[in-house]
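J.: All chains, please: the whole structure from these sequences, using the hints.
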Amino acid sequence: MTALSTISEILSSTRLWIVGLLSFLVIYCRRQYRAHRRLAHFDGPFWASVTELWLAKVTWESRIHTEMRDVNEKYGNVARVGPNLLMTNDADLLRKIGMARSTYARSEWNEALRLDPRINNSISETDEKKHAEYRRKVFNAYSGKDTPGREKTVDSHILYLVHLMETKYLSNERQFKVLDLAGICSFFTLDVITELAFGSAFGFLAADADLYDYNKSITPIMPLMELNSNITWIAAILNHPRVKRLISPAANDGSPMGRMIGAAQGSVAKRYAAGTDDVQDMLGSFMRHGLTQLEAEGESLVQVMAGADSTSTAIRMAMYFIMTNPIVYLKLRAEIDAAQQHNQLSSPIISDAEAIQLPYLQAVIKEGLRIWPPGVGIATKWVPPEGDTLEDGRFIPGGTRIGWSAWGTQHNREVYGDDARVFRPERWLELEPGSEQLLKMERTHELIFGNGRYGCLGKNLATMELNKVIPTLMRRFEMTLTDPTTPFKSQGNGFFHQSGIFVKITKRE
21 MTALSTISEI
31 LSSTRLWIVG
41 LLSFLVIYCR
51 RQYRAHRRLA
61 HFDGPFWASV
71 TELWLAKVTW
81 ESRIHTEMRD
91 VNEKYGNVAR
101 VGPNLLMTND
111 ADLLRKIGMA
121 RSTYARSEWN
131 EALRLDPRIN
141 NSISETDEKK
151 HAEYRRKVFN
161 AYSGKDTPGR
171 EKTVDSHILY
181 LVHLMETKYL
191 SNERQFKVLD
201 LAGICSFFTL
211 DVITELAFGS
221 AFGFLAADAD
231 LYDYNKSITP
241 IMPLMELNSN
251 ITWIAAILNH
261 PRVKRLISPA
271 ANDGSPMGRM
281 IGAAQGSVAK
291 RYAAGTDDVQ
301 DMLGSFMRHG
311 LTQLEAEGES
321 LVQVMAGADS
331 TSTAIRMAMY
341 FIMTNPIVYL
351 KLRAEIDAAQ
361 QHNQLSSPII
371 SDAEAIQLPY
381 LQAVIKEGLR
391 IWPPGVGIAT
401 KWVPPEGDTL
411 EDGRFIPGGT
421 RIGWSAWGTQ
431 HNREVYGDDA
441 RVFRPERWLE
451 LEPGSEQLLK
461 MERTHELIFG
471 NGRYGCLGKN
481 LATMELNKVI
491 PTLMRRFEMT
501 LTDPTTPFKS
511 QGNGFFHQSG
521 IFVKITKRE
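Take the working numbering: the final residue in the sequence shown is number 529, and no numbers are missing along the way.
In short, the hints are calculated from the structure, not lab data. C-beta atoms are modelled at their ideal positions from N, C-alpha and C, and glycine is treated no differently. Honestly, I wouldn't trust all of these hints.
What the hints assert, rightly or not - In silico lysine-lysine, DSBU-like type, Cα no more than 30 angstroms apart, as pairs:
#	residue 1	residue 2
1	Lys524	Lys351
2	Lys351	Lys479
3	Lys460	Lys236
4	Lys264	Lys157
5	Lys460	Lys116
6	Lys290	Lys479
7	Lys527	Lys509
8	Lys264	Lys150
9	Lys149	Lys264
10	Lys479	Lys157
11	Lys116	Lys94
12	Lys150	Lys188
13	Lys524	Lys150
14	Lys351	Lys165
15	Lys172	Lys524
16	Lys197	Lys524
17	Lys172	Lys188
18	Lys524	Lys77
Stated by the list, open to error - Here are the simulated distance ranges between beta carbons:
#	residue 1	residue 2	range
19	Gln195	Trp67	51 to 57 angstroms
20	Lys236	Lys172	27 to 33 angstroms
21	Asn480	Asp503	32 to 38 angstroms
22	Pro417	Asp439	33 to 39 angstroms
23	Lys94	Gly454	31 to 37 angstroms
24	Lys479	Glu153	17 to 23 angstroms
25	Arg57	Thr505	47 to 53 angstroms
26	Thr502	Arg528	14 to 20 angstroms
T.: Next comes the structure, spelled out in structure tokens:
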């Protein structure tokens, strides 16, 4: 009887486990079916509609920017790329989402960018009212209104960049030297932003080195950060305050990122301890507009990452496409030389205002940003509870996430023509000023820096650096790729980390 009783108990227990497991599977499948059905009228890759693993794979492989572009090209301007995620390259829809009175809301995608676990920053804050208030406090610092000397600051670092290139990397008849343009562009933008942010540059150019192993250390963690942004169940775990405190690098914890954070936070702490808020840099502006020391420390690493990484990509890729297109190279150089001969350019560094008056230079810069948008995070937003109806009549249920494809938007053939994937600056000059097509292109191009309440705060500084660095390099040097057949390394996870753009530079006669 005892044996039979034991067997009976085992069978009963087994049945309970089976019933429980089947119940779980039924509930899970039912939820998945409902989730699948609510967005079934949007096409996309099949596996993306049933699991986030598809999105996780393309994120981890650092190809989300090209994959999302191709998805929208194949499945339409609004396509399904997750069980509860849509992706769009529609400029009109993106402008609607970013409008001041839009009821779309920031998602957990932003939470992953809280680099300091103690406090939110201008990117990571998801509460719309708090985000608007935060932007108001930091706007004057980023826009340049409170940093009137920033063009001179940029000039000083361009001169140091030129000095480094002339003294260490110049080739001639007797010597052949190679410069990695990717690295030196990163050092330049890091020095610019750290001086504007904290009053003194960290000294990347002076050392001609990756201080704190910043680039080396951040490159391998960027896929993890983007997974945290894109995949909801990963975000639910890693964005928990206790987990975030446990895994986030801390100031001076011995890690490369910790040393970088320590340097940034140390600059902030020193200023707040002195109580000097009259300095005309970004930190002084933060203090005058009411940011606490903790808020300024939380913002400090965002300034460095967002302000330097995106701009260095824009500069190096513009120069890369100039060097790989001889006709563009010669036309741009001819325009710059002609302006110089007519005394229209300052020396030794062209001014921002002068650069704006050079039409081909502006076309080259625009086209460089368009063909290789430097920021490629999908920046998902929550569709409002009441849902939204697209122009084609399709309904997006409330609670759906929708992201934007930066490369898809800027490579959209409906906007830029059949050669949308070709670097061709002339497209900006061949249309009649004020024409409908040119206006459509320009309004789409503006989205590279976001729009409305989600617009990039550092846009003016980034364009200033592009306006000044590119013509300076073209005036001073002949630049060629050492081996055009060897591709450079490029990892795209939110921002790009690149290396191996090897160039030979000689002094112009």
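J.: Does Lys460 pair with Lys236 here, judged by a C-alpha cut-off of 30 angstroms?
T.: violated, 40 angstroms
J.: Does Lys524 lie within 30 angstroms of Lys172 when you go C-alpha to C-alpha?
T.: holds, 28 angstroms
J.: If I claimed the Cβ atoms of Arg57 and Thr505 lie 47 to 53 angstroms apart, would that claim hold in this structure?
T.: About 50 angstroms separates the Cβ atoms of Arg57 and Thr505, which means 47 to 53 angstroms holds.
J.: Does the structure keep Lys527 and Lys509 at a Cα separation of 30 angstroms or less?
T.: Holds, at about 27 angstroms.
J.: Hint check: Lys524 vs Lys351, CA-CA at most 30 angstroms. Holds or violated?
T.: The given pair, whose Cα atoms are some 20 angstroms apart, holds under the 30 angstroms limit.
J.: The hint says 14 to 20 angstroms between Thr502 and Arg528; measuring C-beta to C-beta, is that right?
T.: holds, 18 angstroms
J.: The hint says 27 to 33 angstroms between Lys236 and Lys172; measuring C-beta to C-beta, is that right?
T.: Since Lys236 and Lys172 have Cβ atoms about 31 angstroms apart, the given range 27 to 33 angstroms holds.
J.: Run the distance test for Lys264 versus Lys150: straight-line Cα separation, threshold 30 angstroms.
T.: holds, 21 angstroms
J.: Can you confirm whether the C-alpha distance between Lys351 and Lys479 stays at or below 30 angstroms?
T.: holds, 26 angstroms
J.: Does Lys197 pair with Lys524 here, judged by a C-alpha cut-off of 30 angstroms?
T.: holds, 6 angstroms
J.: Hey, Lys116 versus Lys94, does the alpha-carbon distance stay inside 30 angstroms?
T.: holds, 23 angstroms
J.: Lys351 and Lys165: Cα distance at most 30 angstroms?
T.: violated, 35 angstroms
Violation of the numbered hints given earlier is confined to hints 3, 12, 13, 14 and 18; the remaining hints are satisfied by the structure.
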